[in-house]
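Engineer: Chain A is fixed; fit chain B onto it per the hints.
As a plain string of letters, each chain reads:
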Amino acid sequence: MHGRRRQHEREPTADEKAQAQQRVERYCVLSTQVAELKAANTYTVEALSLTKQLLEQNTELHSVWNYRRQIFMHLDSWQDMDARQQALERELAFLLEIITKNIKSYWMWNHRVWALGALPRPEWQRELGLVAKLLALDARNYHGWNYRRFVVAHLRAAREDAGAVDEQEFAFTTEQITRDCANHAAWHNRSKLLPAILAQRGEPQAVLQAETDLILNAIYTDPDDQNAWLYYDWLLDIQTSDTDRVRLLRGKVAAIRELLELEEDGKWPLVELVGAFAELDKLQPGAVTDAEKGEALETLRRLKSIDPLHIGRYTDMLRTLGGRWGSLAT
Amino acid sequence: MEPTDPCSALLADKHVEFIKRLDKKHDELEYWMTEHLRVSGIYWGLVALFLLDKPAALDHQQIVTYILGCQNSDGGFGGHTNHDSHLLYTMSAVQVLLMLGALDQIDTKRVTDYVVGLQRDGMVSGDEWGEQDTRFAFIAVAILSQLGTLEQLDTQGIVDYVRSAMNYDGGFGSGPGGESHAAQVYTCLACLAILGQLHVVDRERLSGWLAERQLKCGGLNGRPQKLEDVCYSWWVLSSLEILGRVHWVDRQKLCGFILSAQDEERGGIADRPGDVPDVYHTCFGMAGLSLAGFKGYALKPVDPVYCMPKDIVERAGLGSWTDKVPESWRE
Numbered sequence: 004m005h006g007r008r009r010q011h012e013r014e015p016t017a018d019e020k021a022q023a024q025q026r027v028e029r030y031c032v033l034s035t036q037v038a039e040l041k042a043a044n045t046y047t048v049e050a051l052s053l054t055k056q057l058l059e060q061n062t063e064l065h066s067v068w069n070y071r072r073q074i075f076m077h078l079d080s081w082q083d084m085d086a087r088q089q090a091l092e093r094e095l096a097f098l099l100e101i102i103t104k105n106i107k108s109y110w111m112w113n114h115r116v117w118a119l120g121a122l123p124r125p126e127w128q129r130e131l132g133l134v135a136k137l138l139a140l141d142a143r144n145y146h147g148w149n150y151r152r153f154v155v156a157h158l159r160a161a162r163e164d165a166g167a168v169d170e171q172e173f174a175f176t177t178e179q180i181t182r183d184c185a186n187h188a189a190w191h192n193r194s195k196l197l198p199a200i201l202a203q204r205g206e207p208q209a210v211l212q213a214e215t216d217l218i219l220n221a222i223y224t225d226p227d228d229q230n231a232w233l234y235y236d237w238l239l240d241i242q243t244s245d246t247d248r249v250r251l252l253r254g255k256v257a258a259i260r261e262l263l264e265l266e267e268d269g270k271w272p273l274v275e276l277v278g279a280f281a282e283l284d285k286l287q288p289g290a291v292t293d294a295e296k297g298e299a300l301e302t303l304r305r306l307k308s309i310d311p312l313h314i315g316r317y318t319d320m321l322r323t324l325g326g327r328w329g330s331l332a333t
Numbered sequence: 029m030e031p032t033d034p035c036s037a038l039l040a041d042k043h044v045e046f047i048k049r050l051d052k053k054h055d056e057l058e059y060w061m062t063e064h065l066r067v068s069g070i071y072w073g074l075v076a077l078f079l080l081d082k083p084a085a086l087d088h089q090q091i092v093t094y095i096l097g098c099q100n101s102d103g104g105f106g107g108h109t110n111h112d113s114h115l116l117y118t119m120s121a122v123q124v125l126l127m128l129g130a131l132d133q134i135d136t137k138r139v140t141d142y143v144v145g146l147q148r149d150g151m152v153s154g155d156e157w158g159e160q161d162t163r164f165a166f167i168a169v170a171i172l173s174q175l176g177t178l179e180q181l182d183t184q185g186i187v188d189y190v191r192s193a194m195n196y197d198g199g200f201g202s203g204p205g206g207e208s209h210a211a212q213v214y215t216c217l218a219c220l221a222i223l224g225q226l227h228v229v230d231r232e233r234l235s236g237w238l239a240e241r242q243l244k245c246g247g248l249n250g251r252p253q254k255l256e257d258v259c260y261s262w263w264v265l266s267s268l269e270i271l272g273r274v275h276w277v278d279r280q281k282l283c284g285f286i287l288s289a290q291d292e293e294r295g296g297i298a299d300r301p302g303d304v305p306d307v308y309h310t311c312f313g314m315a316g317l318s319l320a321g322f323k324g325y326a327l328k329p330v331d332p333v334y335c336m337p338k339d340i341v342e343r344a345g346l347g348s349w350t351d352k353v354p355e356s357w358r359e
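Listed in order, the protein sequences are those of chains A and B. All the letters of the first sequence, read from the start, carry residue numbers 4 to 333 under the numbering used here. All the letters of the second sequence, read from the start, carry residue numbers 29 to 359 under the numbering used here.
Bound-form chain A, shown alone (with noise of 0.2 Å):
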């Protein structure tokens, strides 16, 4: 239903409907088969090899593969712990196959889950290797990540030391995020580690400070980088004082102005910048001077012709600000 370019084809020939005809008539016979076994409640081997010739032209048909477990789940050899670990073993290698003409599918991801959950002996680490390997395809494939964290969570449950485990894909994000800082699905799965590392190293401070460089680095190299921004925002959030987060709101303007240097007209620099104020002010009032505030409201209405898309956006914060901070608003 996605990305399916319009071709304007001419009409197809006799043969070419009659090929069509043949597939549509191929597909039907084998689903209806399918249906009858299992409204028959069918659980043998030759059902299961059914089921699999059907899946592989129509990975979507989740009633399909529900069928396709309880089969497994009647044979008798389910009751045997090497023949299920041979026949699930199997079953991972045939999903690996059609996953990769479907890497967004739910059903797939599912049943994946569901065989390794049913393995007498799963392989976590070979999972996380094999994950690590789709995400390299397709970096933002939410999937695979969420699949990454119950493998994840697994291999924590199973270990004494889960703080390991933590700091493992911690450095697994700074490996993704070092490679390509631009790799929100690494900031975000950091965003989710950060609070439980800062919880057991010795050093949360450091720790912070560490983390507002690599992040101001990011923003370096793509100041257009909007979830980089984010990122920085929720840093600053999560400061424990607000002596500190004052300062590092001075950081962060300090940061802006050298990155207008360089473009004027950046639109996110300029309204981080105006956020800056608005959040020094609040914390401290008084903290941000007159000339700031007067600079804030007069970048916003900059932002109307820079960045006209959000004119509503940037009317409304004229409209707050300029009435939190009163007379200044022309």
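Careful: at least some of the hints might be erroneous.
If you only want the chain B side, here are some residues facing chain A, beta carbon under 10 Å, derived [stated by the list, open to error]:
#, residue
1, 57
2, 103
3, 254
4, 304
5, 348
Note that these hints are calculated values from the structure, not bench results. Quick reminder that beta carbons are idealized off the backbone N, C-alpha and C, glycines included.
Structural biologist: Chain B in isolation, oriented as in the chain A frame:
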């Protein structure tokens, strides 16, 4: 081949014909391969028709009979006859029956029991096989609110679960740890709206994040650095509407983008200009146009929580979520 000019008019008649033709494509493999979500296809088609104010273009009785035939012995609905129950299709089934005034034809208790049975420790699975996702939390709440049996759900557990899916950018993911995604944002906001718990949302941060989904072409994407897609005209815009910030995007440009994704020959709307149309994008494109206040056609207003015509939602007594929006959000 690119279309030569973006459409500036809503090709209403063509879309009606497109939707009417959907059930006739028996010679197309695609028709058979999407059988498993036929119930949802009907919901998408009906929403588009209702918003176009052409509700009678499909045979209501035929639809009701078909939908009822998709209910299974566990009380849930499958996507087609003899397909396994799932919350996704149970939701579409209930919404279709509500829109067609036929909700009284199902046993409310049976459906309620099915839905309630899928909640464990606060979280809701899509079916008995256990996939958890904040989409299902919303669906459970939405279904039971339509059946009038919401009090049977552990709604505090649902709120806790939805909150656990909130991220540093103000957005929501599919569950704890899930990356923010506009479709998940919609389901979480809609869920919190029905439960009167919108105050847990970081309104400023989330509104900003959603506004930034609009790209220079006017279209909306689902998360940073992804492609624009007509379906986000719904997920993003309905979210902004719930937050009271729909004016934070350029609605006219958005309408222009949606219109340019119409198929002038076949009717229907696609994910983006030049692509093959489908009923899913036709539904959400139409709903997006309605929410964006498109002036070129008298589209019916759509409820941003239920994605159904506002008048139907209000008549069913479901419009009161607006009363529970935080005071400070009403400017």
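Engineer: If a hint holds in the structure, say so; if it does not, say that too.
Structural biologist: The hints, checked one at a time:
Interface restraint check: residue 57 of chain B against chain A, minimum CB-CB distance 5 Å, threshold 10 Å, status holds. Using the Cβ-Cβ criterion of 10 Å, the hint placing residue 103 of chain B at the interface with chain A is not satisfied: the shortest such distance is roughly 16 Å. For residue 254 of chain B, the suggested interface contact is upheld, since its CB lies about 7 Å from the closest CB of chain A, less than 10 Å. For residue 304 of chain B, the interface hint holds, since its Cβ comes within 10 Å of a Cβ in chain A; the closest pair sits about 4 Å apart.
At a threshold of 10 Å, the smallest CB-CB gap from residue 348 of chain B to chain A is about 26 Å, leaving the interface hint violated.
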